[in-house]
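2 protein chains.
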Amino acid sequence: LSGVTAIQPTTLISCSRLAEALGVNVILASETFQRTGSFKFRAALHLAASVPNDLIIAASSGNFGQALACACALTGKRAIIVMPATSARVKVEAVRRYGARVESVDTQLQGRAQRLGELAIQHPDAYIASAYDDPLVIAGNSSLGRELAERLPPDVDTVVVPIGGGGLAAGIIVGLEQRERMARVVGAEPLLANDASRSLRAGEIVRNDSEPPTIADGARVVSVGEHNFPILRRGLSDIVEVSEDQIAEAVRLLFVAANLKAEPTGALSLAALLTRPDVFAGKNVCCVISGGNVDPAVYVRLLEPPGSP
Amino acid sequence: LSGVTAIQPTTLISCSRLAEALGVNVILASETFQRTGSFKFRAALHLAASVPNDLIIAASSGNFGQALACACALTGKRAIIVMPATSARVKVEAVRRYGARVESVDTQLQGRAQRLGELAIQHPDAYIASAYDDPLVIAGNSSLGRELAERLPPDVDTVVVPIGGGGLAAGIIVGLEQRERMARVVGAEPLLANDASRSLRAGEIVRNDSEPPTIADGARVVSVGEHNFPILRRGLSDIVEVSEDQIAEAVRLLFVAANLKAEPTGALSLAALLTRPDVFAGKNVCCVISGGNVDPAVYVRLLEPPGSP
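From first to last, the protein sequence lines are chains A and B.
Add 43 to the 1-based position in the first sequence for this note's numbering, that's all there is to it.
Add 43 to the 1-based position in the second sequence for this note's numbering, that's all there is to it.
If you're looking for bench data, these hints aren't it; they were derived computationally from the structure.
There's no promise every hint is true.
Pairwise CB distance ranges, derived in the manner of DEER restraints [said to hold, decoys possible]:
hint: 1; chain 1: B; residue 1: Thr150; chain 2: A; residue 2: Ala340; range: 45 to 51 Å
hint: 2; chain 1: A; residue 1: Ala128; chain 2: B; residue 2: Thr129; range: 49 to 55 Å
hint: 3; chain 1: B; residue 1: Glu347; chain 2: A; residue 2: Glu136; range: 37 to 43 Å
hint: 4; chain 1: B; residue 1: Pro273; chain 2: A; residue 2: Pro339; range: 53 to 59 Å
Examples of chain A residues lying across from chain B (beta carbon under 10 Å, computed) [claimed, not checked]:
hint: 5; residue: Ile56
hint: 6; residue: Leu65
hint: 7; residue: Gly80
hint: 8; residue: Ser286
Just so it is clear, CB atoms sit at the ideal spot from N, CA and C, and this is done for glycine as well.
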């Protein structure tokens with residue numbers, strides 16, 4: 044199985060209703076139809092196909108765990124995914140369905156990193172994979188940057204990218220550079236988890252005290268990755284910090300005006316357009332929608348307009 | 044403006060999670076990202092671009108009205124859309140946004156067809172457009188058949204299509220024929236609105252007494268179109284009748300396993316796979332998802348699993 048053929052091309056969606064609602068020319072690059080429902084599969088498959096190890100271990104309760112489990116199944120490798128004992132059963136089952144082993148960790152008693160360290164000692168032959176801080180992750184995600192460079196209409200001058208650990212933004216920057224595509228890359232991160240923004244201002248990585256409680260669960264990280272930071276510094280022209288309300292509004296707007304189901308983290312880029320229209324006025328913007336996996340119960344709450352009973 | 048460039052290509056989605064859930068190889072052809080959110084724009088644009096009249100009048104509370112209003116705006120024509128006075132305000136506004144005139148009709152006092160007749164007399168220069176029974180509608184929808192013929196993987200042997208008035212199925216049959224693509228075309232219609240199925244068995248068009256109260260509002264028609272019927276007779280290999288519960292289950296499954304927001308009518312094709320797995324066993328199936336426009340309140344109810352409070 045070739046890695047290239049297993050990756051679904053990103054879904055470009057031109058939506059005049061959305062553009063009218065925003066007053067900005069916007070095209071969506073949706074990774075919601077990527078294998079396992081998010082861009083994480085790009086990094087996971089590249090990583091699984093690249094490392095010589097037969098066993099890969101990672102800590103993730105979310106999209107990376109599922110993506111890595113699927114990637115290992117496709118490449119004939121074994122995977123152990125460390126997940127909090129409180130993880131939604133549907134997420135645990137999604138990982139198990141691909142044949143991966145789930146190591147449950149009671150995060151009240153033991154940190155996930157600590158459990159990961161124990162497993163690394165038990166399995167010295169394993170590759171320990173970070174969901175966002177690994178050159179292989181950047182290289183895997185760079186395929187999306189190359190795709191955008193090749194497939195976006197030539198007048199698109201701005202690409203807006205959700206930022207959690209920064210692996211997607213770094214990959215897109217690298218991919219655009221590889222194809223010599225001139226486009227401004229703007230990051231979008233939750234105000235509640237604005238460590239990337241603070242880090243860029245400080246000129247060094249600034250860490251959150253704990254995982255921030257934003258609804259954008261893909262951005263609940265303590266800091267951007269060390270491999271990503273220098274790329275973000277040279278490649279990001281701006282970061283927009285968005286409120287939780289704007290994230291919810293962006294999820295609703297994608298539903299109503301674009302027929303697109305996005306997870307909150309995926310809607311960060313559109314939330315940036317809602318938050319700072321001045322940054323995007325007169326631009327031709329591509330919003331990267333990084334994933335679509337959201338629990339029905341969470342989604343139902345997001346669809347209710349604010350103030351409804 | 045060329046008609047061809049204004050039509051968005053259908054979005055092909057390969058979803059291994061969905062295939063696993065169904066036990067059938069399935070690819071989705073989603074028209075939910077078409078302009079105005081449904082396949083109806085194909086017919087509306089072709090019609091507006093083809094007729095010499097400067098004014099087009101149609102009765103539609105749903106996707107065709109919005110599509111025709113948009114198509115007339117793009118082709119520099121005027122549109123009058125007859126809508127029931129009880130139509131959701133959001134639907135009326137969607138039509139008005141494109142500059143079309145909305146004629147409200149109190150369906151308790153006067154039928155939509157009667158109001159349409161009055162308007163035809165008042166505007167003898169106007170083209171009266173049917174949402175589904177017009178050779179121009181079939182020709183417009185045939186572009187989807189040609190796209191499927193050209194873009195579906197060669198091993199896809201079965202195309203499942205929602206049936207209301209039959210205009211989409213007829214268009215797909217014609218488009219596949221034009222490209223000499225051999226594929227079985229299977230219709231999917233609500234059990235509550237199974238007039239197409241009964242018509243094919245009877246060998247003549249059988250009419251419902253009134254518009255059937257199915258949740259698939261695109262299939263709330265009194266009968267299939269007279270232009271469509273002979274094409275359905277020669278081109279459909281089967282029709283699967285699906286229950287309201289299976290329609291809701293299909294909407295949920297598209298949400299959970301494919302990250303796709305579909306309207307109930309759009310999910311009819313997937314509901315057919317749920318209803319009659321025997322018909323599709325061992326096949327490589329393309330499910331046409333005809334549209335995605337559904338009110339948030341209706342969608343929220345559909346996402347709640349059966350039996351939940």
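A quick look at each hint next to the structure:
At about 37 Å, the CB distance of B/Thr150 to A/Ala340 disagrees with the hint of 45 to 51 Å. As the Cβ distance of A/Ala128 to B/Thr129 is approximately 51 Å, the hint placing it in 49 to 55 Å holds. Checked against the hint of 37 to 43 Å, the C-beta distance between B/Glu347 and A/Glu136 comes to roughly 20 Å, which is inconsistent with it. In this structure the hint that B/Pro273 and A/Pro339 lie 53 to 59 Å apart at CB is violated, the actual value being about 43 Å.
Contact between A/Ile56 and chain B, as hinted, is supported at the beta carbon level, the nearest pair being about 5 Å apart and thus within 10 Å. Given hint, A/Leu65 at the interface with chain B, is violated; its Cβ is 14 Å from that chain's nearest Cβ, farther than 10 Å. Here the hint on A/Gly80 is kept, as its CB sits about 5 Å from the closest CB of chain B, short of 10 Å. Here the hint on A/Ser286 is broken, as its CB sits about 21 Å from the closest CB of chain B, past 10 Å.
Consistency note: the structure conflicts with the earlier hints numbered 1, 3, 4, 6 and 8.
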